[in-house]
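Just need the whole structure built from these sequences, with the hints factored in.
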Amino acid sequence: MAGMANPVVELRAVRKAFVAPGGEIVPVLDIDTFALEAGEQCALEGQSGSGKSTLLNVIAGIMRPDSGNVFVGGQDIARFDEASRDRVRADTLGLVFQQFNLLPGFTALENVLVAMSFGSVRPDRTRAADLLGAVGLGHRLDHKPAELSIGQQQRVAVARALANRPRAVLADEPTASIDTRHQQQVIDLLRDSCRTEGAALLVVTHDPGVAGQFPRQVRLEDFNRAARAAASPARPA
Amino acid sequence: MTLFGIAWRNIRQRLLTSGLTALSLALGVALVVATLVTGRIVNRAFESGSGLGYNMIVGAKGSPLQLVLNSVYFISKPIENISWAFYQEFLSAAARPDGIDGRYAASTRTAVPICMGDYFRGHRVVGTNAAFFDRLTRGDGRPFEFTAGANFTDDDFFGGVLGAAVAAHLGLRVGDSFAPTHGADDGAVHDPFKVVGILARTDTPLDRGVFVNMEGFYLQDGHAKPLPDGEAPTAVAPPQASGHVPLPFNQREVTAILLETASLPGLPAELTAMGLRTAINEGRDGQAALPVAEIRQLLDLFVRPLELLLLLVTALVVLVSAIGILVSMVGSSLERSRDVAIMRALGARRSHVLATVLIEAVLLAVGGGIAGWVLGHLLVGAIGPWITTNAGVTASVFSAAPLAEALLVPFLVVLAVVAALLPAIAAYRTDVAKWLQGPG
Ligand SMILES: Nc1ncnc2c1ncn2[C@@H]1O[C@H](COP(=O)(O)OP(=O)(O)O)[C@@H](O)[C@H]1O
Ligand SMILES: [Mg+2]
Chain A
0 MAGMANPVVE
10 LRAVRKAFVA
20 PGGEIVPVLD
30 IDTFALEAGE
40 QCALEGQSGS
50 GKSTLLNVIA
60 GIMRPDSGNV
70 FVGGQDIARF
80 DEASRDRVRA
90 DTLGLVFQQF
100 NLLPGFTALE
110 NVLVAMSFGS
120 VRPDRTRAAD
130 LLGAVGLGHR
140 LDHKPAELSI
150 GQQQRVAVAR
160 ALANRPRAVL
170 ADEPTASIDT
180 RHQQQVIDLL
190 RDSCRTEGAA
200 LLVVTHDPGV
210 AGQFPRQVRL
220 EDFNRAARAA
230 ASPARPA
Chain B
0 MTLFGIAWRN
10 IRQRLLTSGL
20 TALSLALGVA
30 LVVATLVTGR
40 IVNRAFESGS
50 GLGYNMIVGA
60 KGSPLQLVLN
70 SVYFISKPIE
80 NISWAFYQEF
90 LSAAARPDGI
100 DGRYAASTRT
110 AVPICMGDYF
120 RGHRVVGTNA
130 AFFDRLTRGD
140 GRPFEFTAGA
150 NFTDDDFFGG
160 VLGAAVAAHL
170 GLRVGDSFAP
180 THGADDGAVH
190 DPFKVVGILA
200 RTDTPLDRGV
210 FVNMEGFYLQ
220 DGHAKPLPDG
230 EAPTAVAPPQ
240 ASGHVPLPFN
250 QREVTAILLE
260 TASLPGLPAE
270 LTAMGLRTAI
280 NEGRDGQAAL
290 PVAEIRQLLD
300 LFVRPLELLL
310 LLVTALVVLV
320 SAIGILVSMV
330 GSSLERSRDV
340 AIMRALGARR
350 SHVLATVLIE
360 AVLLAVGGGI
370 AGWVLGHLLV
380 GAIGPWITTN
390 AGVTASVFSA
400 APLAEALLVP
410 FLVVLAVVAA
420 LLPAIAAYRT
430 DVAKWLQGPG
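If you read the sequences in order, they're chains A and B. The first sequence: position 237 = 236 (numbering that gives the first Met the number 0), numbered continuously. The second sequence: position 283 = 282 (numbering that gives the first Met the number 0), numbered continuously.
Certain hints may be false.
Pulled a few chain B residues facing chain A out of the computed Cβ check, cut under 10 Å [said to hold, decoys possible]:
| hint | residue |
| --- | --- |
| 1 | L2 |
| 2 | G4 |
| 3 | R8 |
| 4 | N9 |
| 5 | R11 |
| 6 | R13 |
| 7 | L15 |
| 8 | L19 |
| 9 | I341 |
| 10 | L345 |
| 11 | A347 |
| 12 | R348 |
| 13 | R349 |
| 14 | S350 |
| 15 | A432 |
| 16 | Q436 |
These are computed hints drawn from the structure, not numbers from a lab. Treat the numbers as computed from the prediction; the structure is a model and nothing was measured. Glycine residues also receive a C-beta, built at the ideal position from the N, C-alpha and C atoms.
Set out below in structure tokens:
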């Protein structure tokens, strides 16, 4: 697209609908275009239920859109079968969620190593340890998640998202379950780490204070027709 | 991390459940192995009787199985004795005082008499002649060997040979004396015999036998058959250099005769044996039994079905353990769903998470299986000495039923994979998006 030199993620005419329990079809995504440039840092806001998580799942290849193109690293994963989308996700994307991020039976180091197991590069213990050192957990490598604070767990998650040198990191409300004092640390960590690693960053957040720090801020309702329709006050009589 | 590493982590994460599952599997496998191995030992104990250098046993009328068990395996009691005259019918002219061929001499290659009834400190005493070790074989067809000394000679009336287990058990050596007791261990004490040879181990019941020259055996109290009223003892050979006078022939009896049948001219060996057996069994003097046939019948009718039953029971135990694997894995599948979702989000394919669950089950099966295999052999090793002394075959940690044991672990792996299929499919189907949302 004009003006977009080198997008890591690019959506075109993406539609996604769910079938509600009652049987009616509920459109969740109807997006003309959306792109994330290489190295770009972007905050994504939107009402609860507006489709932010669905959008991230579609970009990550966890969900397949009903129609449209989803370019990740130049490949249209909307055309790929699931296993191929899994491979693209392992190699080009890092994911951070709100909670239940880490594998409870695995140490901090192993959590990072597991992420390296599914990509096309060999697991690298040294890099895993370095990443944990960079997020300030060099002394907690062999701790299980239960032995770490929530903030420390989220830092392991950040290190893990960067394990395979991703082109972009997708974070779904990464600070929602952390107390305010540590929220800022996690955001700083995400932004600094992504900058260091040269990865683009897309962060879903409810917090205007968090969103305000990002050079680019978007509201899902502004480019998702399905969310606009759902949010409109017009109701059938 | 490899998928193996991930599966191993999952096992360690649920150490108690995994441990208990593997343990129950190990116990089941230990039972199966112990059953297989002891079954094999028992079979070998009986099958070893087929290469002893004789193919027929002649004894008093009664149960042929009892005759075989008593004469070959030293199990059960002797039936009765047969007459010396009947024994003579199997000998050729050269071996008989009257210089005439016995009635069955032509059908007989070797005839070795045995006399039973005495004991020495819990071991069966067998009176026989030198032909026993000179002409018969160890059970595997090879001639007997002696670790010390040699066989007794027919004119050494008080020479004796000890089975390997007896010598080891009683600590007796060549040159030592031993005095058998009459009838049972608390019976009258007989004259002492002298150990002239110690048999090399044969892994047959002979290992627990004490063998003495029957000429000396006959001279013991209660071993001479009382003569009927008015009958005079037959002529007796002059005293030996040692001063012993042999027992008159008409006062002698034997318990059984171990026969190697010959081949009548123009007749195959089998038919000669059949004919001889029929002739003996139709007469009044005794019966002829074929040890191999009797043992095969015993195995087929009794030992094998029992073994099969035991195996069936133990197989059920293993099956229950496999179901244990399933239950433990299904029980943890909720917890697993979250882990699966996280791994999928990290780029794991469905096939990866499926494989992880299956590998986990296989690791449990192989781990439990190997532990059980070792345990089973230790079990056999623990009861080995008991089996060795009672069955006359070696049973040790290293006793094995190679084929069945080799099949055991692959079988367990298949069982584990089948058991884990359900949780594995559940993992395969996990809805990633749903689980990533968490409960919030
Ligand atoms: N798997 C699904 N099946 C049916 N409806 C779904 C599913 N996932 C999400 N939805 C619906 O789609 C809408 C958007 O959900 P989501 O993307 O999670 O919103 P957000 O993350 O912005 O809060 C919601 O109305 C939700 O109920
Ligand atoms: Mg959401």
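Status of each hint after checking the structure:
1. The criterion of a C-beta within 10 Å of any C-beta in chain A is met by L2(B), whose closest approach is roughly 8 Å, and the hint holds.
2. The beta carbon of G4(B) is positioned within 10 Å of a beta carbon in chain A (closest approach about 8 Å), and the interface hint is therefore held.
3. The restraint placing R8(B) at the interface with chain A holds, with a minimum CB-CB distance near 5 Å, inside the 10 Å limit.
4. Checking N9(B) against chain A: minimum C-beta separation of about 6 Å stays under 10 Å; hint holds.
5. Taken as an interface hint, R11(B) checks out: its beta carbon lies about 7 Å from the nearest beta carbon of chain A, inside 10 Å.
6. The interface hint given for R13(B) holds, since its Cβ lies 8 Å from the closest Cβ of chain A, which is under the 10 Å cut-off.
7. Interface restraint check for L15(B): the shortest CB-CB distance to chain A comes to about 13 Å, outside 10 Å, so the restraint is violated.
8. Hint status for L19(B) relative to chain A: violated, with the closest Cβ pair at about 17 Å, above 10 Å.
9. Evaluation of the I341(B) hint against chain A yields a held restraint, the C-beta minimum of about 6 Å falling below 10 Å.
10. Look at L345(B): its Cβ gets to within about 4 Å of chain A, closer than 10 Å, so that hint holds up.
11. The interface hint given for A347(B) is met, as the beta carbon of that residue sits about 5 Å from the closest beta carbon of chain A, less than 10 Å.
12. Using the Cβ-Cβ criterion of 10 Å, the hint placing R348(B) at the interface with chain A is satisfied: the shortest such distance is roughly 5 Å.
13. The closest approach between the C-beta of R349(B) and any C-beta of chain A is roughly 7 Å, which is under the 10 Å cut-off, so the hint is satisfied.
14. With a least beta-carbon distance of about 7 Å to chain A, the hint placing S350(B) at the interface is held under the 10 Å criterion.
15. Given the 10 Å rule on beta carbons, the hint for A432(B) holds: about 5 Å separates it from the nearest Cβ of chain A.
16. Annotation: Q436(B) was flagged as interfacial toward chain A, and the flag holds, the nearest CB pair being 7 Å apart, inside 10 Å.
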